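Student: Place chain V on chain Z using the hints.
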Amino acid sequence: MNLTKIDGGAATGGDRPVLAKKDFQSDQEVRWCPGCGDYAVLNAVQTVFPELGIPREKFVVVSGIGCSSRFPYYVNTFGFHTVHGRAPAIATGIKLANPELSVWVATGDGDALSIGGNHIIHALRRNVDLKILMFNNRIYGLTKGQYSPTSEQFKKTKSTPFGSLDRPFEPISLALGAGATFVARSVDVFSQHLREVLRRAAAHRGSAFIEILQNCPIFNDGAWEPWTDREIRDDRMLSLEDGKPLIFGKDRNHGIVRGEGGLHVVDLGGPEAADGSGLVVHDAKREDPALAFEIAHAGTREGFPMPIGIFRAVDYPPFETLMNDQMREIREKKGAGSLEKLLASGETWEVSA
Amino acid sequence: MNAEAQDPQKIRDKPSETLESVVIRFAGDSGDGMQLTGSQFTATSAIVGNDLATLPDFPAEIRAPAGTLPGVSGFQIHFSSDDISTPGDAPDVLVAMNPAALKVNLRDLKPGGVIIANANAFTAGDLKKAGYAASPLEDGSLEGYRLIKVELSRLTRSALEKTGLDTRSIDRCKNFFALGMMYWLYTRPLEPTLRWLEEKFAKQPVLLEANALALKAGSTFAEATELFAVNYIVPPARLAPGRYRNVSGNAALAMGLIAASERSGLKMLLGSYPITPASDILHELSAHKNFHVMTFQAEDEIAAIGAALGASFAGTLGVTTTSGPGVALKTEMLGLATTAELPLVVVNVQRGGPSTGLPTKTEQADLLQALFGRNSEAPIPVLAAATPSDCFAMAYEACRVAVAHMTPVFLLTDGYLANGAEPWKLPSVDSLPPIPVRFHTDPEGFHPFARDPESLVRPWAIPGTPGLEHRIGGLEKQDVTGNVSYDPANHERMVRARAEKVERIAKDIPAQVVEGDPDGDLLIVGWGSTYGAIAAAIRRRRAGGSDARIGHVHLRYLNPLPLNLGEIVRRYRKVLVPELNMGQLLWVLRARFLIDAVGLNKIQGRPFTEGEILAKMNAVLED
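For the protein sequence lines, the chains are Z and V, in the order given. For the first sequence, position 97 matches number 97 in the numbering used here, and the numbering has no gaps at all. For the second sequence, position 38 matches number 38 in the numbering used here, and the numbering has no gaps at all.
Isolated chain Z, as found in the complex:
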């Protein structure tokens, strides 16, 4: 799997020391279960943070509740472990208060899409400059194994011994539907790919939604293996690369075309797209999210590969920039506020002794 490399910037600002991975490791013992996919994500974040050229004290990691929400305790930056589902709201306040901070949200499929569904969609539609890492293990881990809003329908779990009846969310479609300006998917164990997605998210201006397929070895072991297993991944997953046709397969012998009823897979050896000219070409910068949505949604169909990479990356002014610009413009137009004048505004009168 590969992504187009981008320059992440070097951490050599002025007289500041060059930061290394260990600078982002806190003194707290990491307490995820052995084999948890969260370790790989933590590792990727601690690898990428020092590359970004941002002083350590300007990072804030915010989380809600859940296994993945313990994340801030393990990253040696400012961190806030908050209320279940509410991290995007708190992170929004942090970013509004100080737009110079690099604010990251660690959340899970339950935290972000169930109890916090409202906050995630609104943070994304506003385009607050938050980097939201959504760990998707398709299960509730911290409460010991109930189905989540991304669990497959009819899944048997502790709270659904006869199978869950909920139809799952497709997180990428949800983020796109909310108007997110940066939407990506990666996998806990695809370390190179994950790091690259994190770098791209960091470089994006505005909210970034990153779904990370993550394994819970205790309550939902192997949930992503039908796609990510080393033996089959090339045939079951589709890496999105900007400006390139949608091709996948161990021998790169399958492509995606648009035909009757939407996108479907064709054999590149066959007549439909033998020369590759009819293949859908990925373009994350398209203003219209319809194609990205179509790709994401097709990924849920039997026989269609699971797309990973950057679905959408469009430039739009971040919320906090608009907020501060508006306040500055008003101050320039009306002049700085005077408390005396404010109190005495409207009609006043004098009472003499």
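Simulated from the structure, these hints should not be mistaken for lab results. Given the structure is predicted, the values throughout are model-derived calculations rather than measurements. It cannot be assumed that every hint is accurate.
Here chain V is said to cover these stretches of chain Z; the calculated rule only asks that three of the stretch's residues, wherever they fall, bring their Cβ under 8 angstroms from a Cβ of chain V [unchecked claim]:
{"#": "1", "segment": "98–107"}
{"#": "2", "segment": "154–161"}
{"#": "3", "segment": "190–202"}
{"#": "4", "segment": "318–332"}
In this text, a Cβ means the ideal position worked out from N, Cα and C, and glycines have one as well.
Tutor: Then chain V, alone, in the frame of chain Z:
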């Protein structure tokens, strides 16, 4: 230009009589503009120097079906040359724009009071909607009152026929005709309202002209007509010298927040979700973005307080404004703010409940929610404003306490304070107490939960400060280091430390003041918006020649309570606690001080009248 000069049809001079105080209630359909009419009469009365108090009373429905009883909207104003503190128990004058307004409000009118009714609105259809079989204007049922029938709709149409406006738009100006009449009747100038119209309709000259014409025509009509034989003068009140303005509780509260930001040098973020009757604070603050207060209309109540708390974590003072149902939603975040020990101001403009309850009516039933309404041990300081203008002082004070003690703070007001108005002597900006802000910057020996030995306050260490990187959160924290800790003894130590920190705020607030007798027969303890009614009732009892020794304590700090309160409540034979709830402060005082205090409780969505408090006071004293 004055009202006289505009009056070409002046027929004769009428005599004037002087009154000390008057209570007028404007009542009409929700679409009749009664709140606007009342506010204009209030603003003008303030400008002529009267003391005043108001009680807007409107339905929760934006436009209930026209002409029906649920659609009636009222605005009561009490204006006086004397010191007053309530909107008046019973109106002297009722302006009724339609039959429904008459029907709903007649029971409150003083016996022999004046009814000014829009005769054109008493049609068969509207009478039926109001449930009248026959017109009360004609059937003699209003004999106990002074009934003045005015053809408001016809007169307005005839005054505005040359404006070119359609009849519907002209009819919407009849409230200004009525206002003009009342201005003449109580010798108020038209200019303040004319100035307001010029500003309001600067871009709609036709509407400006129409409303101004209606106002002038109403005044001219009142002077010319045989219906009014005299007009009345209510001289200026003897208020303390200084510069005054008229202010509502919500406006005062918004200015208090801005003042706290300006004086502390702290940026502020208001996270809010629209809710009656608190929304006007959001509106007011969003209009003043040339200060350093950001306003963020969040997706819900939880996000509103979440963003505010996030801002506080990052060194901007977070504020959230709401009403009871919104507080219910914010509860979990309040727990986090308490354990994270971050400054935060939560304003609850209380309304009738539970649940959606009476959204536009007043109540004081969220006191125990503020004191205890969270899981586990989560103490939060609670402050309450006593009058509309006191909302300024207490909003400022809530910010001061939050920052000085690194804690969320509740400020309780209510619908009556929020929408009620009174003259406000402008405070001098320099006299506002300082709000010192100290962001911790020294990495040497830094621990996020190391406490000041006196106040037990932890340092405010904000992101962006080199060397202070640390993590906080909702999990229990190890004393001093703030690291996650499940140690049993540590948990108890932290629970007690958070409680003790809030208790010690008592040393940082003023001692409780007693108004009236410092000891004796009866102490009345109130909090919040009952201040005016209690003070007026005690004044009235004194004026009646009572020799009972009565004191009045009005609590502006409900947690922690003032240190001297326990000693005060024991200096009186009896303690009476009037509240617009089932006895919440009463419960606290009885539990806290083991005194046999008694309550006066009203849960009708309306403030106390002086008479209600006086009657209970008399009964308790005679008991």
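Student: Confirm or reject each hint.
Tutor: These are the hints, each one checked on the structure:
1. Restraint check on the segment 98–107 of chain Z versus chain V: 3 residues with Cβ-Cβ distances below 8 angstroms, three needed, restraint holds.
2. Closer than 8 angstroms: that is the beta-carbon criterion, and the segment 154–161 of chain Z has 0 residues meeting it against chain V, so the requirement of 3 is violated.
3. Counting residues of the segment 190–202 of chain Z whose beta carbon lies closer than 8 angstroms to any beta carbon of chain V gives 0, which falls below the threshold of three, so the coverage claim is violated.
4. By the rule of at least three residues with a Cβ nearer than 8 angstroms to a Cβ of chain V, the coverage given for the segment 318–332 of chain Z holds, with 5 such residues.
Violation of the numbered hints given earlier is confined to hints 2 and 3; the remaining hints are satisfied by the structure.
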